[in-house]
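Please model the complete structure; the sequences and the hints are all you need to start from.
Chains as they are written, first to last, in the numbering used here: chain A, 1 to 552; chain B, 1001 to 1675.
Rather than coming from a laboratory, the hints here were simulated on the basis of the structure. For clarity, every value in this text was computed on a predicted model and none was experimentally measured. Some clues are possibly wrong.
[Stated by the list, open to error] A few chain A positions that, by computed beta-carbon distances, are all more than 10 angstroms from chain B:
| id | residue |
| --- | --- |
| 1 | P154 |
| 2 | N165 |
| 3 | G237 |
| 4 | D265 |
| 5 | T267 |
| 6 | V311 |
| 7 | P351 |
| 8 | R394 |
| 9 | I400 |
| 10 | N410 |
| 11 | A473 |
| 12 | E491 |
| 13 | T493 |
| 14 | V502 |
| 15 | E542 |
[Said to hold, decoys possible] Listed below are several chain B residues computed to face chain A (Cβ distance under 8 angstroms; list not exhaustive):
| id | residue |
| --- | --- |
| 16 | F1088 |
| 17 | Y1103 |
| 18 | N1104 |
| 19 | P1112 |
| 20 | R1116 |
| 21 | M1127 |
| 22 | I1416 |
| 23 | Q1509 |
| 24 | E1538 |
| 25 | V1543 |
| 26 | P1546 |
| 27 | V1670 |
We put the beta carbon where it would ideally sit given N, CA and C, even for glycine.
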Amino acid sequence: MAAIHDPVTFEIIQNSLAAVSDEMFAAMRKTAMSAIIYEVLDMGTGITDAVGEIASSGAGIPAFVGVLDKSVKAILKRHPLESIKPGDLFATNDPFYGGVTHLNDVILAMPVFAGDTIIAWTANIAHWNDMGGMVPGGMSTDAYELFQEGLRLPAVKLISEGVPNQALMDVMVVNSRLPDFLKGDMWAGIAAARLGDRRLKELATKYGRDTFIAAMANFMDYGEQRTLAGLRALPKGTYSFAEEQDDGLIYKVSIEITEDKFIVDLTDNPDQVKGPTNASVDGVMIAAQMALKAVTDPSLTANGGTFRPIVLKTRHGSVFDPKEPAAHGFYYEVEMRVFDVMLRCLAQAMPDHMAAGHFASICGTVIGGPHPDTGRFFTIVEPQMGGWGARKGRDGNSAIFSGFHGETFNCPAEIAEARYGLDVRCLELNPLPGGEGQWRGGRGIRLDYVARADNNFLTVGYSRARILPWGVAGGRDGTGNYVEVIRTSGEVTKHAFATGVVLNTGDVVRVQTSCGAGYGPPSERAPESIRADLLDGYLTPERAEEVYGFKP
Amino acid sequence: MATRIGVDIGGTFTDLVYYVEETGETFEGKVPTVPHAPEEGVVHAVKAHVPPEVIENAAFFLHGTTVGLNALLERRGSVVGLITTEGFRDVLEIRRGDRAEMYNLFWKQPEPLVPRHRRIGVPERVMATGEVYKPLDEDAVRAALKLQVADNVDAIAVCLLNAFANPAHELRIEAILREEGYAGGISLSHRISGEFREYERTSTTVIDAFVRGRMANYLQRLDGRLRELGFKGASLITRSGSGSMTFAEAEARPFETIMSGPVGGAHGASELAQDLGIDALITADVGGTSFDTALVLHGAPQVLYEGSIDGMPVQTPWVDVRSIGAGGGSIAHVDLGGLMRVGPQSAGAVPGPAAYRKGGTEPTMTDAALYLGMLGPGRLASGIELDVAAAEAALKRVGEKLGQDVEATAIGVMRIAAAAMGGAMREVTVEQGLDPRGMVLLPFGGAGPLMAALLADELRMNTIVVPPFAGNFSAWGLLGADMVQSSARTRVMDLDEAGLVASGGILAQLFSEISSRTDARTDGVKSAKLDLRYKGQEHTLSVDVPLDGKGAFALSAEQVAELFIAAYLTTFGSRLPAKVEIVATRATYRVHLPKRQQKHIVTTGTGTGAVTETISAWSFLNKRRMSFDIVAREAIGTELRGPAIVTEATSTLYVDDGWVVSNGGHGELVLKRKV
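Structure representation (structure tokens):
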């Protein structure tokens, strides 16, 4: 059957791709075993075309959308086309083999065949709780080699023509501290990929294989058109920016905007580091993709075409393009930081459009140990919410997840307490001073976890602890992200980047995330807004007088 | 004793249907909605269409309303104060931390219904097990009340952490508020939802407090006006989760009526499915601005246990009706990337589609259908003559941007709209693992019959049933609503014999709590569901568990597990080697209203088959224009073969080539594909 080049048929197929991605997302969420997948939604689903260009993705984390295409491309690079058969399913988690992020994020990808031709891939990514490694949960701030962060899966066949590779699965299971979770999450991912495979085959049968392929190609062009329309509206030129990081490194970016290109140059950056704060070049590409998306077209359409105008330049051996076997455990903080640097760089081109700095950290918090009721090992892995920056004309949002997250949900206290071996004593907006301005930043959170057993451990990887969210046009900087461990003795220690802090019964872990930064001079803030903040307790009378010069 | 009147208030029209027991006849009527005083629209409809003796004899007045919903959407409700556990006053503002538009860094979070200064924490703490960790500080409650009263609250919501496991502190707070002389509304979270997740439960409790005053006012005014007209029967309102409740109970539990609006259509579909012996049908309610679809299986709509309004979750049973912004008034336009889109913006009733010539210049779905001949000559019952030239001019402007002629543009509008509606229909079928191809399509609403053939094509369905009173079907559906009360409680336990016994104890408590509510009845039927999951998972499936004569579980734990495994297999296509656990127990108490006799005013199969005229219209089957016969609905004889346009008072049915129409036994039209 010849391809029908009919815009309406194309649009129907394109909408169906989105529907199938969402359907895979829902199925995976409902069958997964780990709270970080089903409750926090640290996962993503998507469809690529035959060569691995992303065509559609399910809801969830925007930073995961750009992962799946790179994984499929890595699989295609490693496996000759003739060796890929119907019913195959591949797994990768290794940033040097299309894994993009860190070893905890496992990507499963399945080729979709029409006859003997691959017409698409279905894929998903999810944070698996424990893939082995030197510490429970895999992520250690002390790691200096990828080998210490878990089992590496270098884009390998997990299922061959419908038959599971039992040897590989056994190896994965025995390497995990949480084997039941690993099995449950693995089968949830496999079922979701297979569900997508069935749906895409139905579509190709209904409309014809060639029409299906043409519709995907057309969709990519459509994505590109949307980006180009957005690019045309931006001021052309080359902009540069440098920013110091918590660890003292200086990240530099130069962005050139032309009529049809978005050129991001990261070549002039520090060498890769010994610790786990490196990001793969694929991962850094995602930061560039999100920056482009934010300034050209914030709609939900995102596919291979959307990102075609990006040219990314890096230096092999740098923190943004490390050599093997660099550790990657906290790659996401590196991506967040370079994303911020890109946004600050772009703010020079459109100062009225961009917001002041937000708390901008995943604030990954891991607590684990023996469960006080059952004695079985538990871990809670949670990102945290924080305050966002003000922008011209508007105060910032309070307590939402960072820009790298989207449809991400916190774990309710009532669920955390019922499931994990700890109590949640408090979750509220924190009143720490900072982020004032004509428009003020949103509030960060204070969240208190209380250990219920001895010998629990805490791991945190927060950035924007020392270098604060930046104020704009006279607005005050935000506060920093950190954790306080308050011992039963009253002793208090402060942490932002630490592994294996021992917790005993009654110790409190107090998460304090940053408020966003302010925009415009505080002296210009409307008195009724100051009064409202005082009434609601977002501001103390002393601080109101000190920063705003406000006397009731 | 079962003459009854049903009134459904829509955005544009207030629809009325009534049924007279003595003659078994059903009548319909429509009046314009009165947005600022919806009860006046109801009174107009009743006065204009129902004879006084029928009003006097009517046993039931059944009502579907969006009063509560609109109060929420427009943020016009009570001044609510919240009392909560110390340390958790910001749960309502923090929500779950998610951002609805994931690529949009400039997204603005919604304002909470209660501002921070009226959210007050009090020292107390109950654990998930129900154990009291910290006693309630009663002086802090009194102090909180003083602050709330000083802030002029009309209603107080109380939501404490883990109150579903032990409500003692919430009950004590209520007692203290009353002791201190507070006379306003109080909403306690454990009475509203026995389920966990503090944000969702707080949101539901606050919504209840927010709409309580407005809802009570409205219901009292409406009831009073009905009594003035001579009505002596029982006034009932539909629940979001299907069934109906008395006005008195709705005043006590207003959050249960928030989504009462689209439920009438789902009820009507269920009743028709039972009468006609249809095992599986999909509804397609196409109005002016929105499209609603629901699945009816084995004569009952599907019920979910959580919904969301304007980003705010509501933990209450909820008929699974999916809505999208596509309808007769949806506007076609060209987007940033050069693709044509239809909706969600709607021309509404004002200015309306271009063809109405009331000032609308943008092309709508109605304009496209008119241009393609699908609406016949375009004479509406309301007397409006649609203007084809105006529709053509509007379509032409959009077509030029795409380099398409008017015909291709109009066809595109219809197909895009149909694909979007088909997507929503897939959500309620295909995405639940159910194949729509063997199901029946039930189109209604003003534009439902117009879209029916296209929607059947989308999901490759082969049978369409156009119900009687298709244009007023939601109001018709209200007439069959049983009275239903329900309650649920979360308590996580293994599904073994001991767990099932404990769950049985909760079930008995739930039934006893229902029977202590306002207007409790004793002549009903009990039923139960358990929310079950594989141990380790979070998401649950609700499984019906049969009860014995005394209202206790009639199955063993093993048999219940088998039911769950079968349901899991249907939904997710797999089974796991894990244990099953109980998460929540759900009790429902249903009082059946007397059944209507099955007689309708629409004549069956006696028409002459007369063709009044023909029109050149687009056939989506043959991809060309053809001559369509125009036939009045009452003129249909034993069989009518497409292509044809069937006209009736409140809607127009488009019958593409390839379909054969016949009269059914209950006033419905049955369309089947020619084999």
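To see whether the hints hold, each was checked on the structure:
| no. | hint | in the structure |
| --- | --- | --- |
| 1 | P154 | holds, 28 angstroms |
| 2 | N165 | holds, 19 angstroms |
| 3 | G237 | holds, 22 angstroms |
| 4 | D265 | holds, 22 angstroms |
| 5 | T267 | holds, 26 angstroms |
| 6 | V311 | holds, 21 angstroms |
| 7 | P351 | holds, 15 angstroms |
| 8 | R394 | violated, 7 angstroms |
| 9 | I400 | violated, 5 angstroms |
| 10 | N410 | violated, 5 angstroms |
| 11 | A473 | holds, 17 angstroms |
| 12 | E491 | holds, 22 angstroms |
| 13 | T493 | holds, 22 angstroms |
| 14 | V502 | holds, 24 angstroms |
| 15 | E542 | holds, 18 angstroms |
| 16 | F1088 | holds, 6 angstroms |
| 17 | Y1103 | holds, 5 angstroms |
| 18 | N1104 | holds, 4 angstroms |
| 19 | P1112 | violated, 10 angstroms |
| 20 | R1116 | holds, 4 angstroms |
| 21 | M1127 | holds, 7 angstroms |
| 22 | I1416 | holds, 6 angstroms |
| 23 | Q1509 | violated, 20 angstroms |
| 24 | E1538 | holds, 4 angstroms |
| 25 | V1543 | violated, 15 angstroms |
| 26 | P1546 | violated, 25 angstroms |
| 27 | V1670 | violated, 26 angstroms |
Hint compliance for this structure: hints 8, 9, 10, 19, 23, 25, 26, 27 are broken, all remaining hints hold.
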